[in-house]
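Asker: If you use the numbering used here, the sequence shown corresponds to residues 886 to 1022, in order.
Computed spacing ranges between beta-carbons, pair by pair: (1) 891 - 1002: 56 to 62 Å; (2) 996 - 952: 29 to 35 Å; (3) 891 - 1007: 50 to 56 Å; (4) 934 - 960: 31 to 37 Å.
I should point out that these hints are in silico values taken from the structure, not numbers from a laboratory.
C-beta: ideal position from N, C-alpha, C; glycine also.
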Amino acid sequence: MSERAAAAASLKGVARIEAGARRQGRRHNGYLWAFAGWQLALVPAALLWHGRTGALVCGLSSALVVTVLSVFAMRRPVVPRGYARRHLTAIGVWAGCYMAVLAVGLAVFPDSAGFAAAAALGCALPPAVAAWRGTRA
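Working from the sequences, and respecting the hints, build out all of it.
Answerer: In structure tokens form, the structure reads like this:
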């Protein structure tokens, strides 16, 4: 094989890897958008559905969604640069927002639909920002 053919084969391999990374990045952005949308249902349910059943359902469903998303993100064979950091930052900031919202909402604003709606938007913001930034990258 000549040097020119070897170089062309190498470039094709690089293009294939790059296409795979972009595809995985788009897929991850879709998961982050879905996760942000999930917050619009989860947070009001967690704040307005009192009792053990509500806490159990909301806690388990959050843990399941975060675990599935994290395992998906970390098992990709080829990912765009900064992918893991973006994912871990989004989940970390979301977790902090979610815990703060639950603490304040259950202590100060019990049964407040307005606070629940604003809190849902606030908790949806970290994954939405990460997805938006990933789309632009």
